[in-house]
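Protein chains: 6
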Amino acid sequence: MAYNTHMSKLIEYEDASPEVRAVYDDIRATRKSDFINNFWKAIAVNPQNLRRAWQHTKEIMTGPGTLDPLVREMIYIAVSVTNGCEYCIASHTVAARNKGMTPEMFGDMMAIIGLANENNRLVKGYQVEIDAAFK
Amino acid sequence: MAYNTHMSKLIEYEDASPEVRAVYDDIRATRKSDFINNFWKAIAVNPQNLRRAWQHTKEIMTGPGTLDPLVREMIYIAVSVTNGCEYCIASHTVAARNKGMTPEMFGDMMAIIGLANENNRLVKGYQVEIDAAFK
Amino acid sequence: MAYNTHMSKLIEYEDASPEVRAVYDDIRATRKSDFINNFWKAIAVNPQNLRRAWQHTKEIMTGPGTLDPLVREMIYIAVSVTNGCEYCIASHTVAARNKGMTPEMFGDMMAIIGLANENNRLVKGYQVEIDAAFK
Amino acid sequence: MAYNTHMSKLIEYEDASPEVRAVYDDIRATRKSDFINNFWKAIAVNPQNLRRAWQHTKEIMTGPGTLDPLVREMIYIAVSVTNGCEYCIASHTVAARNKGMTPEMFGDMMAIIGLANENNRLVKGYQVEIDAAFK
Amino acid sequence: MAYNTHMSKLIEYEDASPEVRAVYDDIRATRKSDFINNFWKAIAVNPQNLRRAWQHTKEIMTGPGTLDPLVREMIYIAVSVTNGCEYCIASHTVAARNKGMTPEMFGDMMAIIGLANENNRLVKGYQVEIDAAFK
Amino acid sequence: MAYNTHMSKLIEYEDASPEVRAVYDDIRATRKSDFINNFWKAIAVNPQNLRRAWQHTKEIMTGPGTLDPLVREMIYIAVSVTNGCEYCIASHTVAARNKGMTPEMFGDMMAIIGLANENNRLVKGYQVEIDAAFK
Chain A
1 MAYNTHMSKL IEYEDASPEV RAVYDDIRAT RKSDFINNFW KAIAVNPQNL RRAWQHTKEI
61 MTGPGTLDPL VREMIYIAVS VTNGCEYCIA SHTVAARNKG MTPEMFGDMM AIIGLANENN
121 RLVKGYQVEI DAAFK
Chain B
1 MAYNTHMSKL IEYEDASPEV RAVYDDIRAT RKSDFINNFW KAIAVNPQNL RRAWQHTKEI
61 MTGPGTLDPL VREMIYIAVS VTNGCEYCIA SHTVAARNKG MTPEMFGDMM AIIGLANENN
121 RLVKGYQVEI DAAFK
Chain C
1 MAYNTHMSKL IEYEDASPEV RAVYDDIRAT RKSDFINNFW KAIAVNPQNL RRAWQHTKEI
61 MTGPGTLDPL VREMIYIAVS VTNGCEYCIA SHTVAARNKG MTPEMFGDMM AIIGLANENN
121 RLVKGYQVEI DAAFK
Chain D
1 MAYNTHMSKL IEYEDASPEV RAVYDDIRAT RKSDFINNFW KAIAVNPQNL RRAWQHTKEI
61 MTGPGTLDPL VREMIYIAVS VTNGCEYCIA SHTVAARNKG MTPEMFGDMM AIIGLANENN
121 RLVKGYQVEI DAAFK
Chain E
1 MAYNTHMSKL IEYEDASPEV RAVYDDIRAT RKSDFINNFW KAIAVNPQNL RRAWQHTKEI
61 MTGPGTLDPL VREMIYIAVS VTNGCEYCIA SHTVAARNKG MTPEMFGDMM AIIGLANENN
121 RLVKGYQVEI DAAFK
Chain F
1 MAYNTHMSKL IEYEDASPEV RAVYDDIRAT RKSDFINNFW KAIAVNPQNL RRAWQHTKEI
61 MTGPGTLDPL VREMIYIAVS VTNGCEYCIA SHTVAARNKG MTPEMFGDMM AIIGLANENN
121 RLVKGYQVEI DAAFK
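So the protein lines, in turn, are chains A, B, C, D, E and F.
Mapping the first sequence onto the numbering used here, position 86 (from 1) lands on 86, and the numbers just tick up by one.
Mapping the second sequence onto the numbering used here, position 103 (from 1) lands on 103, and the numbers just tick up by one.
Mapping the third sequence onto the numbering used here, position 71 (from 1) lands on 71, and the numbers just tick up by one.
Mapping the fourth sequence onto the numbering used here, position 129 (from 1) lands on 129, and the numbers just tick up by one.
Mapping the fifth sequence onto the numbering used here, position 75 (from 1) lands on 75, and the numbers just tick up by one.
Mapping the sixth sequence onto the numbering used here, position 6 (from 1) lands on 6, and the numbers just tick up by one.
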């Protein structure tokens, strides 16, 4: 059976149901790599969540669009850093590096992420009202 | 005197101290526009905070670096949306548009921001451990 | 009856049940003021929540302890700014001002709040491990 | 003496003051189990915080009310996942499982948590105004 | 044409492209109501985001699953309150009420949301390590 | 060369460029201690970020101002706990202890941090409007 009693066990390819295997196969084909990272193996406990999360991620991160792959990763990282998701930071920093992010670019991105988090709070604390020009 | 008893009053150029005026002048020169938005006028209640926030913002958002101005704005917006800072979203969306962000680019960026916020939570809820490959 | 069908209606003293009035009376006595702010009137829709929230707030913010009233307010504001709770920022900034916070102190507090939010993110993004000395 | 110099040491039953023991006894009686988890042992460094947090948690999570025990746990988990509290996710997922949450229910809950986090950000980013019908 | 230069304009049915109208028609059919709330009209600026968000929301909130409709709404609200998304709180509180949430249930849910947010922070601040029993 | 291919490697004094060493020297002089904690070593991968973060932190946390050093640390901790930054909590709790925070003060501070996080959410969930008196 596809489910187990623990909520976060990792489902390996060999133990996976056909439905889960089909998603794993598509992940491998899309990424041109046999490596399946833990995120997919963990949510595969619920095959519907696996299918949905993969479709969503594939379409938005690798589908046609106006933003190049590295910019997509940097936006993803900016969110993950702000939310404090260590897993997402680690995995997408590797992904961004593989797409060409240099240490200098990483540093420039981090500076903006830090600045925005700081200014976001200054704005809230000073109770700044939105300028008519921005509406 | 430069301070007032209300914490979030807006300091207009004509009422500003020389120290505040010097910052306003630099904002205008840097942006090639007379418009000073409310953020700066609000934190000008504390001239040190104004000076510091402006220097920080100017250096990171407009100084030399590896990321082009529009990518900088998109990273800033990704943080601001995740933190729910309405002012920052409104002002930096206008800034991004002025730097060339089309509605299609805005939509593609928003899709990534939404996706990352979703996946960040799936990762936490499923208690996914970081793969050795990402360390 | 004490409840209404809308979730966030304000319960005025004259319309309140005896249970709610008792809390309102204690708020007035504790604060030495007739003013009841909207927070209490809103959660009074659920008298248990009103009683619980007031007891909690009264004990922690005005009960005996090692921190003086103004420091308590500044810690409260630091949380509220970070969470982006406009109501809490507005009400506790007034409370802090009434307890002696000057605009200079407000500005110095805001600078720290901004800085911590920035550094919190730098730490996460750079995946900094905790030093042995801090464990 | 009840305090120690380190802030987060765990207070075991045998080392606890009578005040702390009384809370531990009530935790055990309420849960019909000898197990005291680390959360209580850590905040027992400050007996007042222990007493307050336990009373609060006991009343809200196990006291009379309109929501069944499992729904209460799922609401608690939804918050903890959104805040990224690993400890709270781990402990309350176990608690929910003990109250009947199946892996399918866990997956359905996680899908909603992910979706809400995503839609929350889309709403903010698109600067959507509240419909008159929702006011 | 389907796009406009402003990022957050509302797209009304009569001004919508066939692609957008098809989604609006499905929203109306699914909800058995002509009312289209602002969220959908705002993201319709980017038809792909509209389609994706609606499919996602429809599947998770109204599709087959183990959780009843009201529990789904309460989980959604717990996330939205924690994130401070005013729009989402307003719209889903109305939705929950329409699915049977009484003021007492709302109050009991809010108490848990407040408690979890409080305990989440106590856990972090006291640096509590996860018990072996929860792993 | 000052950069390396990994984003979060620690830069030790002996491997540091003159620009980085100058910052390390100032950290040591300011703190009257040879210890450089991992935060600075990690962001030293990007010397500009190191310089900027240190200047910012030094000015705000140790420069002249209206708040005493311990209050500054408590405000910093309140933010870090709310954001769930484990590193920042660990390092600044040690710093606060070194500046005189007793376990009782830590507990009183934590109680306020917990309370504010709880009340922040009650305010949002009940959709409380700001009183005229707070504007």
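No lab work stands behind these hints, which were simulated from the structure alone.
Note that this is a predicted model, so its numbers are computed, not measured.
Do not take every clue at face value.
[As the list claims (entries may be wrong)] Okay, derived cross-link-like pairs now, SDA-like style, lysine to any residue, Cα gap no bigger than 25 Å in a straight line:
1) A/K9 - D/P18
2) E/K135 - D/E104
3) C/K135 - F/E129
4) A/K135 - B/N38
5) A/K9 - D/N38
6) B/K9 - C/K135
7) B/K99 - B/I130
8) A/K135 - E/K135
9) D/K58 - C/T62
10) A/K135 - B/V94
11) C/K99 - F/D131
12) B/K58 - A/K99
13) B/K9 - A/F134
14) A/K99 - A/P69
15) F/K99 - F/D131
16) D/K135 - A/A132
17) C/K135 - F/D131
18) E/K9 - A/L67
19) F/K9 - A/M105
20) A/K9 - E/F134
21) B/K9 - C/G100
22) B/K99 - A/L67
23) F/K99 - C/P69
Quick rundown of the hints versus the structure:
1. A/K9 - D/P18: Distance of about 41 Å is beyond 25 Å: violated.
2. E/K135 - D/E104: 20 Å, holds
3. C/K135 - F/E129: 43 Å, violated
4. A/K135 - B/N38: 13 Å, holds
5. A/K9 - D/N38: 23 Å, holds
6. B/K9 - C/K135: 44 Å, violated
7. B/K99 - B/I130: Since the Cα atoms of B/K99 and B/I130 sit roughly 37 Å apart, the hinted pair is violated (cutoff 25 Å).
8. A/K135 - E/K135: Violated: A/K135 and E/K135 sit about 49 Å apart, past 25 Å.
9. D/K58 - C/T62: 24 Å, holds
10. A/K135 - B/V94: With a Cα-Cα distance of about 9 Å, the restraint between A/K135 and B/V94 holds, given a limit of 25 Å.
11. C/K99 - F/D131: Roughly 19 Å separates the two Cα atoms, so the pair holds.
12. B/K58 - A/K99: Given that 25 Å is the threshold and the Cα spacing comes to 28 Å, the pair is violated.
13. B/K9 - A/F134: Roughly 19 Å separates the two Cα atoms, so the pair holds.
14. A/K99 - A/P69: 7 Å, holds
15. F/K99 - F/D131: Not satisfied, since the Cα-Cα distance of roughly 38 Å exceeds 25 Å.
16. D/K135 - A/A132: Within the cut-off at roughly 24 Å; holds.
17. C/K135 - F/D131: 44 Å, violated
18. E/K9 - A/L67: Satisfied, since the Cα-Cα distance of roughly 22 Å is no more than 25 Å.
19. F/K9 - A/M105: 16 Å, holds
20. A/K9 - E/F134: 13 Å, holds
21. B/K9 - C/G100: 18 Å, holds
22. B/K99 - A/L67: 15 Å, holds
23. F/K99 - C/P69: The hint holds at about 20 Å.
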